[in-house]
Amino acid sequence: MKFFHLIWCNLRRKKLRTSLTLLSIIVAFILFGFLSAIQQALVGGVALAGADRLVVREKVSIINLLPVSYEARMDRIPGVDFATHQTWFGGIYQDPKNFFMQNPVEPEKFLKMHPEIILPPDEEKAWLATRTGAIVGRRTAERFGWKIGDKVPIQSTIWTLPDGSRTWTFDIVGIYDGKDKGTDTTPMFFGYDYFDEGRQQWGKGQVGWYTIRIKDPSQAAEVAKRVDAEFENSPHETKTEPEGAFIQGWAAQIGNIVFIVAAILSAVFFTILLVTGNTMAQAVRERTGELGVLKAIGFTNAQVVALVLAESCLLTVIGGAVGLGLTRAITPVVAQQLAGLLPLFFLPTRDLVIGLGLSIALGLVTGFFPALQAMRLRVADALRRM
Amino acid sequence: MSEDQSNHGALVQVGRVGKVFHRGSEDIHVLADLSMQVPAGEFLALMGPSGSGKTTLLNLIGGLDRPTNGTVSVAGENIDQLSDRALAAWRARHVGFVFQLYNLMPVLTAERNVELPLLLTHLSRAERQKHVETALAMVGLSHRAKHYPRTLSGGEQQRVGIARGIVTDPTLLLCDEPTGDLDRKAGDEILNLLQSLNREHGKTIIMVTHDPHASARAARTLHLDKGQLSAGA
Numbered sequence: 068m069k070f071f072h073l074i075w076c077n078l079r080r081k082k083l084r085t086s087l088t089l090l091s092i093i094v095a096f097i098l099f100g101f102l103s104a105i106q107q108a109l110v111g112g113v114a115l116a117g118a119d120r121l122v123v124r125e126k127v128s129i130i131n132l133l134p135v136s137y138e139a140r141m142d143r144i145p146g147v148d149f150a151t152h153q154t155w156f157g158g159i160y161q162d163p164k165n166f167f168m169q170n171p172v173e174p175e176k177f178l179k180m181h182p183e184i185i186l187p188p189d190e191e192k193a194w195l196a197t198r199t200g201a202i203v204g205r206r207t208a209e210r211f212g213w214k215i216g217d218k219v220p221i222q223s224t225i226w227t228l229p230d231g232s233r234t235w236t237f238d239i240v241g242i243y244d245g246k247d248k249g250t251d252t253t254p255m256f257f258g259y260d261y262f263d264e265g266r267q268q269w270g271k272g273q274v275g276w277y278t279i280r281i282k283d284p285s286q287a288a289e290v291a292k293r294v295d296a297e298f299e300n301s302p303h304e305t306k307t308e309p310e311g312a313f314i315q316g317w318a319a320q321i322g323n324i325v326f327i328v329a330a331i332l333s334a335v336f337f338t339i340l341l342v343t344g345n346t347m348a349q350a351v352r353e354r355t356g357e358l359g360v361l362k363a364i365g366f367t368n369a370q371v372v373a374l375v376l377a378e379s380c381l382l383t384v385i386g387g388a389v390g391l392g393l394t395r396a397i398t399p400v401v402a403q404q405l406a407g408l409l410p411l412f413f414l415p416t417r418d419l420v421i422g423l424g425l426s427i428a429l430g431l432v433t434g435f436f437p438a439l440q441a442m443r444l445r446v447a448d449a450l451r452r453m
Numbered sequence: 004m005s006e007d008q009s010n011h012g013a014l015v016q017v018g019r020v021g022k023v024f025h026r027g028s029e030d031i032h033v034l035a036d037l038s039m040q041v042p043a044g045e046f047l048a049l050m051g052p053s054g055s056g057k058t059t060l061l062n063l064i065g066g067l068d069r070p071t072n073g074t075v076s077v078a079g080e081n082i083d084q085l086s087d088r089a090l091a092a093w094r095a096r097h098v099g100f101v102f103q104l105y106n107l108m109p110v111l112t113a114e115r116n117v118e119l120p121l122l123l124t125h126l127s128r129a130e131r132q133k134h135v136e137t138a139l140a141m142v143g144l145s146h147r148a149k150h151y152p153r154t155l156s157g158g159e160q161q162r163v164g165i166a167r168g169i170v171t172d173p174t175l176l177l178c179d180e181p182t183g184d185l186d187r188k189a190g191d192e193i194l195n196l197l198q199s200l201n202r203e204h205g206k207t208i209i210m211v212t213h214d215p216h217a218s219a220r221a222a223r224t225l226h227l228d229k230g231q232l233s234a235g236a
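Chains as they are written, first to last, in the numbering used here: chain A, 68 to 453; chain B, 4 to 236.
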């Protein structure tokens, strides 16, 4: 700590140069933070996916429906605990920009299948008892100011009522929370019976996809094969996969998110590496004589190396901390705007820690060659360059 | 009188030292077979024309460079045998440097410049501050402690440089042209200060200079020419 004053003063020596370098580091880490948040939003659900859950969809495309009668057949397949279904409703609230997910489900089985959804017992009871009842996640309830007892009109982009209208009315009977921070609390769920009876002839008796709870997660691959074998050569063949792979498949429609993020960040950090490295190299070059003085008065080579590395690390850690801090502060605001499209948009603590680690690594790498240069300085030569 | 007897009491002993620099394929012999002794408490001036090897000799005595051959011993320790790390630690303990161009850190105040050598000790912050105040008081600059070098005159900067050189109470104070960049008045003040450090505080001082006026303040003057001490050394 006693050297901090010296390191700090050296960093402030060329204020404009340091500020510009710092700014570029901050921007790089804001980008890192936002890309991490996007990645979290797109593939973060994979980590939270139930290891004991499989998703069964129509083999050709998820937009093709499956018969509701498959559920009973799935329940009989060895290794399956139970199955339940969901269907994409595709509704908007008042305005197209107010898009969010709503799915008709079998309430009792749905809650049993998804223990990560926390619903108070009295609200669960009300949902099971109310045909038009719907439960909504806390984020969407707060976004639209909904409370229990509200009647909510949702306009479906797919499903038409017998009178030709597409506006469905639901009674909000429960507001659920997520067990973990990563649990998506934007969707709304309502009873399949109300949905199936209400919709026009098209699609009746059909559902979007199934979720299966398996008895032994280690048998997931075998059970998935059995499920697909059960419906082989039928008009609606199936594709069964672990829930994590299913979520990843959704994200993969955009592309290989992890690769895209890694590629962008590699380019950004390589540039930052050059910018910061150049700043540090210049700083050391300009200070050759002063480094010679430090060595003359007794600083060892190791101490001089440590001073240079500490300076570069201080620069990158300040930049990283400010950039990540700003991202952490801004993402909730952005997440509000993207609630319907990217419900899990936030900077995870894991990525925050990785970012800080990255900032230290950046400091060490950019300071390495200038530090080496400082270490190799011969005192007598350096003093001649004052 | 034997060699041992003649060296008895010498703080600095330079024995048959040679120093060769290599420039391309050319060997430049800066010092050749040079021997000298400096007793503790002496104020010695090293004089000679440019390129005579004064600064090189000072660097060897201060452990900033190593001789090509011969030995350099200070307070009984053969410093030419020390590793780089041990030599750095030795410099921190035993040597104070005063440079012609002051060599202060422009980003640090006078007191923080003086404190630099103390950062290598185990002293607490309060103890370091006390030492800094004492050193600045000795050079008469207590009132300029919070000033940055750019706001100080040349003479004041050199006094800060001397305070930095003496703050650890080193065995030896090595001054390389300490008045070379100062006008006569400021130079005299610095020489008065060095004389006072020698006479009143018993500091052993070796000063390189090409100025006879400065060397006249020293108790003894050695003349270097072409890497060798002239007669009378």
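Bear in mind the hints are in silico, worked out from the structure with no lab data behind them.
Be a bit skeptical, because a hint or two may be false.
[Claimed, not checked] Here are the simulated DSS-like cross-link-like pairs (lysine-lysine), alpha carbons at most 30 Å apart as the crow flies:
#1 A:K176 with A:K81
#2 B:K149 with A:K69
#3 A:K69 with B:K229
#4 B:K188 with A:K81
#5 B:K149 with A:K82
#6 A:K248 with A:K271
#7 A:K218 with A:K164
#8 A:K192 with A:K176
[Stated by the list, open to error] So the derived list for chain A, only partly shown, Cβ under 10 Å to chain B, looks like this:
#9 R120
#10 K271
#11 N345
#12 Q349
#13 R352
#14 V360
#15 G365
#16 A369
[What the hints assert, rightly or not] Here are a few chain A residues that sit away from chain B, every Cβ distance over 12 Å (derived from the structure):
#17 K306
#18 N368
#19 Q370
Ideal placement from N, C-alpha and C gives every residue a C-beta, glycine not left out.
To see whether the hints hold, each was checked on the structure:
1. Note on K176 (chain A) and K81 (chain A): the hinted pairing is violated, with a Cα-Cα distance of about 65 Å set against a maximum of 30 Å.
2. For a cut-off of 30 Å, the pair hint linking K149 (chain B) to K69 (chain A) stands: about 18 Å separates their Cα positions.
3. With a CA separation close to 45 Å, the supplied pair K69 (chain A) and K229 (chain B) exceeds the 30 Å bound.
4. Restraint check for K188 (chain B) and K81 (chain A): the C-alpha separation of about 34 Å exceeds 30 Å, so the hint is violated.
5. Between K149 (chain B) and K82 (chain A) the CA atoms are separated by roughly 21 Å; this keeps the pair inside 30 Å, and the hint holds.
6. At most 30 Å may separate the alpha-carbon atoms for a hinted pair to count; K248 (chain A) and K271 (chain A) exceed this at roughly 36 Å.
7. For the given pair, K218 (chain A) sits about 20 Å from K164 (chain A) by alpha-carbon distance, which is consistent with the 30 Å threshold.
8. Among the hinted pairs, K192 (chain A) with K176 (chain A) is consistent with the structure: their alpha-carbon atoms are about 13 Å apart, no more than 30 Å.
9. Contact between R120 (chain A) and chain B, as hinted, is not supported at the beta carbon level, the nearest pair being about 60 Å apart and thus beyond 10 Å.
10. For K271 (chain A), the shortest C-beta to C-beta distance to chain B is roughly 79 Å, which exceeds 10 Å, and the interface hint is violated.
11. The interface hint given for N345 (chain A) is broken, as the beta carbon of that residue sits about 20 Å from the closest beta carbon of chain B, more than 10 Å.
12. Given hint, Q349 (chain A) at the interface with chain B, is violated; its Cβ is 15 Å from that chain's nearest Cβ, farther than 10 Å.
13. Contact between R352 (chain A) and chain B, as hinted, is not supported at the beta carbon level, the nearest pair being about 16 Å apart and thus beyond 10 Å.
14. Using the Cβ-Cβ criterion of 10 Å, the hint placing V360 (chain A) at the interface with chain B is satisfied: the shortest such distance is roughly 5 Å.
15. A distance limit of 10 Å between C-beta atoms decides the matter here; for G365 (chain A) the minimum to chain B is near 2 Å, and the interface restraint holds.
16. Interface restraint check for A369 (chain A): the shortest CB-CB distance to chain B comes to about 7 Å, inside 10 Å, so the restraint holds.
17. Here K306 (chain A) stays apart from chain B, with its beta-carbon at least about 66 Å from theirs, past the 12 Å limit.
18. Chain B draws N368 (chain A) into its interface by the beta-carbon criterion, the shortest separation being 6 Å against a cut-off of 12 Å.
19. In this structure Q370 (chain A) is not separated from chain B by more than 12 Å, as the shortest Cβ-Cβ distance comes to only about 8 Å.
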